[in-house]
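Residue numbers for the sequence shown follow our numbering, so the first one is 1 and each next one is one higher.
What the hints contain is simulated information worked out from the structure, not anything from laboratory work.
As the structure is a prediction and not an experimental result, all values here were calculated from the model.
Honestly, I wouldn't trust all of these hints.
[As the list claims (entries may be wrong)] Restraint ranges, calculated between C-beta atoms of paired labels, are given here:
1) Thr12 <-> Leu36: 30 to 38 Å
2) Leu44 <-> Ile10: 44 to 52 Å
3) Glu45 <-> Glu22: 26 to 34 Å
4) Thr5 <-> Leu40: 46 to 54 Å
5) Leu63 <-> Ala34: 15 to 23 Å
6) Val67 <-> Ile18: 31 to 39 Å
7) Thr12 <-> Pro62: 26 to 34 Å
8) Glu39 <-> Leu77: 23 to 31 Å
By construction, the Cβ of each residue, glycine as well, lies at the ideal position given by its N, Cα and C atoms.
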Amino acid sequence: REGVTSTLFIVTLVLALITIYEAIGVRRQSGRQAELINELFRYLERRRAVKHQLIEQLGHNPLQALVGCILGFFMALLWM
């Protein structure tokens, strides 16, 4: 059995941290960009130039990411 000091654990941990960072940070920035683009669309709508909206909620908030980590940890314990 592999433990927390194994290479497999470290590699898995690094991949998990990258995924969590992406889920919280990068996708949140995409949502903020969508907000600004929607603001631009609203401005253009008032001028009757365009009618379109983007989805502003992308990715996960930190609480959702934390719950996902905890769930993943316990699922790993059950798997062992």
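Here's how the hints hold up against the structure:
no.	hint	result
1	Thr12 <-> Leu36: 30 to 38 Å	36 Å, holds
2	Leu44 <-> Ile10: 44 to 52 Å	50 Å, holds
3	Glu45 <-> Glu22: 26 to 34 Å	32 Å, holds
4	Thr5 <-> Leu40: 46 to 54 Å	52 Å, holds
5	Leu63 <-> Ala34: 15 to 23 Å	21 Å, holds
6	Val67 <-> Ile18: 31 to 39 Å	18 Å, violated
7	Thr12 <-> Pro62: 26 to 34 Å	21 Å, violated
8	Glu39 <-> Leu77: 23 to 31 Å	46 Å, violated
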